[in-house]
Each structure stands twice: as C-alpha cells, then as structure tokens.
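Protein chains: 2
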Amino acid sequence: MNQLDKYKEIFFQQVRKIQDEVCDQIKLMDPEVQLTEDQWERNDFEGNPGGGGLTRVFLGDKIENAGVNTSLVFGKIDPKFGQKFGGDADTMWATGVSLIIHPRNPRVPTTHANFRMIQIGEKFWFGGGADLTPYYPYEEDFKEFHGVWKKALGPYGHYQKMKETCDTYFTNTHRDNEMRGIGGIFYDHFNSGNLEADFEMARTLSEHFIPSYFPLANRRLNEEWTEEDEEFMLHRRGRYVEFNLLHDRGTKFGLESNGRTDSILVSLPRRCMYTYQYAPKPASPHEKMMEYYRPKDWV
Amino acid sequence: MNQLDKYKEIFFQQVRKIQDEVCDQIKLMDPEVQLTEDQWERNDFEGNPGGGGLTRVFLGDKIENAGVNTSLVFGKIDPKFGQKFGGDADTMWATGVSLIIHPRNPRVPTTHANFRMIQIGEKFWFGGGADLTPYYPYEEDFKEFHGVWKKALGPYGHYQKMKETCDTYFTNTHRDNEMRGIGGIFYDHFNSGNLEADFEMARTLSEHFIPSYFPLANRRLNEEWTEEDEEFMLHRRGRYVEFNLLHDRGTKFGLESNGRTDSILVSLPRRCMYTYQYAPKPASPHEKMMEYYRPKDWV
Numbered sequence: 000m001n002q003l004d005k006y007k008e009i010f011f012q013q014v015r016k017i018q019d020e021v022c023d024q025i026k027l028m029d030p031e032v033q034l035t036e037d038q039w040e041r042n043d044f045e046g047n048p049g050g051g052g053l054t055r056v057f058l059g060d061k062i063e064n065a066g067v068n069t070s071l072v073f074g075k076i077d078p079k080f081g082q083k084f085g086g087d088a089d090t091m092w093a094t095g096v097s098l099i100i101h102p103r104n105p106r107v108p109t110t111h112a113n114f115r116m117i118q119i120g121e122k123f124w125f126g127g128g129a130d131l132t133p134y135y136p137y138e139e140d141f142k143e144f145h146g147v148w149k150k151a152l153g154p155y156g157h158y159q160k161m162k163e164t165c166d167t168y169f170t171n172t173h174r175d176n177e178m179r180g181i182g183g184i185f186y187d188h189f190n191s192g193n194l195e196a197d198f199e200m201a202r203t204l205s206e207h208f209i210p211s212y213f214p215l216a217n218r219r220l221n222e223e224w225t226e227e228d229e230e231f232m233l234h235r236r237g238r239y240v241e242f243n244l245l246h247d248r249g250t251k252f253g254l255e256s257n258g259r260t261d262s263i264l265v266s267l268p269r270r271c272m273y274t275y276q277y278a279p280k281p282a283s284p285h286e287k288m289m290e291y292y293r294p295k296d297w298v
Numbered sequence: 000m001n002q003l004d005k006y007k008e009i010f011f012q013q014v015r016k017i018q019d020e021v022c023d024q025i026k027l028m029d030p031e032v033q034l035t036e037d038q039w040e041r042n043d044f045e046g047n048p049g050g051g052g053l054t055r056v057f058l059g060d061k062i063e064n065a066g067v068n069t070s071l072v073f074g075k076i077d078p079k080f081g082q083k084f085g086g087d088a089d090t091m092w093a094t095g096v097s098l099i100i101h102p103r104n105p106r107v108p109t110t111h112a113n114f115r116m117i118q119i120g121e122k123f124w125f126g127g128g129a130d131l132t133p134y135y136p137y138e139e140d141f142k143e144f145h146g147v148w149k150k151a152l153g154p155y156g157h158y159q160k161m162k163e164t165c166d167t168y169f170t171n172t173h174r175d176n177e178m179r180g181i182g183g184i185f186y187d188h189f190n191s192g193n194l195e196a197d198f199e200m201a202r203t204l205s206e207h208f209i210p211s212y213f214p215l216a217n218r219r220l221n222e223e224w225t226e227e228d229e230e231f232m233l234h235r236r237g238r239y240v241e242f243n244l245l246h247d248r249g250t251k252f253g254l255e256s257n258g259r260t261d262s263i264l265v266s267l268p269r270r271c272m273y274t275y276q277y278a279p280k281p282a283s284p285h286e287k288m289m290e291y292y293r294p295k296d297w298v
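Protein sequence lines, in the order shown, are assigned to chains A and B. Numbering follows numbering that gives the first Met the number 0, in which position 85 of the first sequence is assigned residue number 84; successive positions increment by one, without gaps. Numbering follows numbering that gives the first Met the number 0, in which position 180 of the second sequence is assigned residue number 179; successive positions increment by one, without gaps.
Keep in mind that the hints were calculated from the coordinates and are not lab data. Just so you know, these numbers come straight off a predicted model, no measurement behind them. Hints should not be assumed to be uniformly reliable.
[To be verified] Okay, the calculated bits of chain A under chain B, using three or more residues with CB under 8 Å as the criterion: (1) 260-266; (2) 273-281.
[Unchecked claim] Here are the in silico distance ranges between beta carbons for each label pair: (3) A:287 with B:217: 42 to 48 Å; (4) B:295 with A:192: 43 to 49 Å; (5) B:34 with A:290: 53 to 59 Å; (6) B:255 with A:35: 35 to 41 Å; (7) B:289 with A:192: 51 to 57 Å; (8) A:192 with B:256: 51 to 57 Å; (9) A:45 with B:34: 53 to 59 Å; (10) B:193 with A:187: 50 to 56 Å; (11) A:33 with B:38: 47 to 53 Å; (12) A:283 with B:217: 35 to 41 Å.
[Claimed, not checked] Some but not every residue of chain B turned toward chain A, in silico, with C-beta under 8 Å: (13) 35; (14) 173; (15) 241; (16) 268.
Just so you know, even glycine gets a beta-carbon here, dropped at the ideal spot from N, CA and C.
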C-alpha cells in the first residue's frame, strides 16, 4: 500500500469515528431523540459499484432535526466533471463526514461541519470546515466558537485565512451580502505537498468540532425562550434554506452528480418561515442579532 | 406611436388591470386579509432610471400568503445578458404580472401565474402561463382547471403544447422528476409574426386566470381539514421552495439581474417543512395525491 492509499484509508476511519462521536453527543443532548439510519450504495458514471454512505438522521424535542452523514465514493466520472479540475481525469475518490444540527430552542445555535478528502485523477486535497448559525446575540458564545478554531489552527497559521474564506462563502449575495450565520472556518483544495502534515491538520480540525459546539449548545439547551425568539429563528432558517439551495456549491455538486437527494437535503431545517420584508422589533435582541451576520473579528 | 409601442402600452394596461382584479378576488376570499403595497423603482445597467414595479403582498387567515406583482422595466442591459438572446442587443423593455397564492386550507390549491411581454434589442415576444399545486386529490378540480385553459386556447390550437411545456418545466429533476403540482399551461419566446394576434392571445390568457382558479378555490375554502392534510401541505410546500430556488429560471433571472429580492421571493410559502424520506400514510388521500404529480391528460 503506497503512502496516499494509506492516508485515504486512515482518513476514512477518522471520518467514521467523528460520525460516531457526534452521534453520541447528540444522544446525550436529547436522550429521547429518534434515529433513522440508512446505508446506501451508488454506481459510478459507467454503472459499476462506486461506494456509498451511511446517513444518520435525528428527530427530537431538543434536536429538532439533525443529519450526520459519511460517504466513501469512487469510480469513473463524467469527463465534463473531470475537466472542471483542469485535467483529463476520468476517475475520482472521495470520503468525508458532513453534519448539520438544528436544535429546537432558538437560544441554541444551528451548526454545520464537513471534513473531506478528495482525489480526482492524480490530484488530491483536503477541505471542509465548521460554521455556526445562532439566533440570539450571545456574543460570548460566538467568541468561544471562534476561539476553539483559532486555537486549533494556531500551530498552522491558517485561522485568519480560513475564517475569511468562511465569511465570504456562507453569504447570501442576493440579500445584500448578509451572512448565513457568524461564520467559522472553511478551506478547500488544500494540498501543501506534505501529505502527512495535511492529513494531520485535517484530522486535528475534525477533532475540534465537538469542543467547538457541544459545550456552548449544552449550556443554552434548557433556557426559556419566547415566541419572538422562535419566530426570528424560523425566519433565519428561511435564509438558511435560501443559501443552501441558491448558493451552496456542495448542494449543487451533490444534486448535479446524481447524489442521494434525501441525504444531501437533510441539511434543511425541519420547519422554516418566509416573511415579506421581515424586520425584527426595534431594540429587540433579534435586531441586535442582525448586526452579527456580517464579517467581524471575533478573537 | 408605432404599432409595437402601442401594444406595449396596452399590454401594460392589461397587466395592471389583471393585478387589480386578482387583488379584488383575494379580498373577496379573505375579507380580513392584510395588504402591504410597495411601489419600487430600479436603475438600469448604466445607473439611469429603468422603471419599477408595484408589489402587493397579502397575509391572512384564509390566504396564508399571496403576492401579486406588476413591473415595467426598461433601459440598458449588461451586454452578457443581451448575448444570451443571440444578438448584440444592449437595451430591454419588459412588463408583466406575476402572482402566487398560498391558501391556509390544505384542501385549497396553491396557484401561480405570470403574463409578460419582453423586448430585447429589436426582438420581442410574449410568454407566461398558469399552474396549480393542489394538496388533496380532488380530480374534478384538476380537470376543471385544465378545462378552462383548454377552452381558452382552443381557438389557437396551442393547449396541448403549452400543457406539455408546463409539465416539463415545473419539475423537480432532483426528486425523480416529480412535478411541483398538476401543471397547467406555459409558453415563452412566442412571436408568430402577427403582433395583433399574439397580443390578443396573451390578453385572452390573462383574462382566464380568474375563472381558472377562484371558482374552485372558493368552493373548497370552508372545508374542514385534518392535521395530516396540513402536514402533507407543508411537506409539499417544501418541494415548492426546492423548485423555486433550485430550478426556476424566472427566480434565477430576477436575482442575478439584481431584481428586488423581496418581490421575487414573495413566491415562497409562509410556512413549510422538510422531512427526511417523507412518505404519506398508506392508502391515505395524500398517497393518492402523489400519483397526480406526474404528467397526465386531464381533458
């Protein structure tokens, strides 16, 4: 087994481990949560077996809905697809974990994370990140979330760049550049030439998702909330859907490459609302919250 | 005033008339409905005044949300835009009425219609249509809706083609080609060379929207509904959002051409739900309804 194959194998193991650990955290947060698990398989572009995935979906009173998915896919690809990556590649290999958590309580933020390794033809790289979508202006939580990522990325010197990439990426350009949430970190097509180091950074990032989210989520879990809090959350979830369906490249890529629609769109919130010219009440926490959906230096 | 300018003017008058008449029908259906009216203006590609529109948004107990919009826009366009229409056109002119009605009662279908006239450079054409998105399997209503359009289009011989275009267009390709609703009629880029006749057909179509929808909607308006009916409606409205944000060319065109986002996305339902692998109860009316979201000969 060559070095690349070795890291592909251990990154897949890492991805599965994160999936299990995040699912355990979800069950701790919401012991009554209902879990649906689906193992699925796919064919590649030529109709041969091309790997598959494991989708885990949660529905509950505290976790309104969540999806924690892993996949390992490979095989022949549509040549048009390969060309996008600047070569005449006709094969791909990819593995990753992708997760989304939409809590029921508007005081607990939504979160999304993804850690992946991709190979198209001879080229390969790591990518992914984690971001937070809060609905209540607990600034200390936002600082805490970014603080974890700054610390995780400190040794690599990549926090600032990955934070800015995230700010730019998760933006509703059709809504006057309002961000989906308060950002986090995001990177893609990362290959420094040192596979061992790149793998180690990807592994480290994946290990920091749980400490970045669950302590703050659990702290807010049993807070009382108002009807206005909920309405604001449902409105912002509408914006979340707009981002995912209009702008998210991962969603587009998945649907256009004939991915498993229900696994891809598990990212959508269970409930949401659309309101013409929605405006939070003047001087409310929700009006305050609107200020945070803009790029900001957190730590 | 030349002949084209004359028809542009009277088509705009027609569009405004339909807007007023549809708004009157909405108020009759839901006398307590709350109306927000916004007159807006836009600049063209070079920053000069480029027309605007009149957005009317309804929120109520019987009409959960509705939008009835007209616009008249003109001026310089991005040359890239002009090239899409096969020329080196740098000016455009367009007027139309666009409407969406999402009733509260799941027994009353959602409807959408649009009637427009567009000129890019020297080329001009008519387009639009009307379609129905029911949530309860009242087959007689679907036949009635299509019957009105077949009759309206009878003299022109275009019903079958426009019905098929509608079936194909309003389809969620990422959901195994499930249709958004039960179709209706749709046409675009229509210019037979006889402006007077083309105008007359466009006018006739716009006059048939009210009789195609309101009689059947009013007949169902006060029916009792169940929790399951509502859940199914909210689920199907999720599919409606998926279509509008992932596939609808009008929405994309509007957002990419820097249109008024709130007027464009007024098409989204006030509430909706997303459920992983949603399936209606076996032998329920909702399972029956699923069969109708496929192309079918109605009349």
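Here's how the hints hold up against the structure:
no.: 1; hint: 260-266; verdict: holds (count 4)
no.: 2; hint: 273-281; verdict: holds (count 4)
no.: 3; hint: A:287 with B:217: 42 to 48 Å; verdict: 44 Å, holds
no.: 4; hint: B:295 with A:192: 43 to 49 Å; verdict: 58 Å, violated
no.: 5; hint: B:34 with A:290: 53 to 59 Å; verdict: 31 Å, violated
no.: 6; hint: B:255 with A:35: 35 to 41 Å; verdict: 37 Å, holds
no.: 7; hint: B:289 with A:192: 51 to 57 Å; verdict: 53 Å, holds
no.: 8; hint: A:192 with B:256: 51 to 57 Å; verdict: 43 Å, violated
no.: 9; hint: A:45 with B:34: 53 to 59 Å; verdict: 57 Å, holds
no.: 10; hint: B:193 with A:187: 50 to 56 Å; verdict: 54 Å, holds
no.: 11; hint: A:33 with B:38: 47 to 53 Å; verdict: 49 Å, holds
no.: 12; hint: A:283 with B:217: 35 to 41 Å; verdict: 39 Å, holds
no.: 13; hint: 35; verdict: 7 Å, holds
no.: 14; hint: 173; verdict: 5 Å, holds
no.: 15; hint: 241; verdict: 6 Å, holds
no.: 16; hint: 268; verdict: 7 Å, holds
Of the numbered hints stated above, those contradicted by the structure are hints 4, 5, 8, listed in ascending order.
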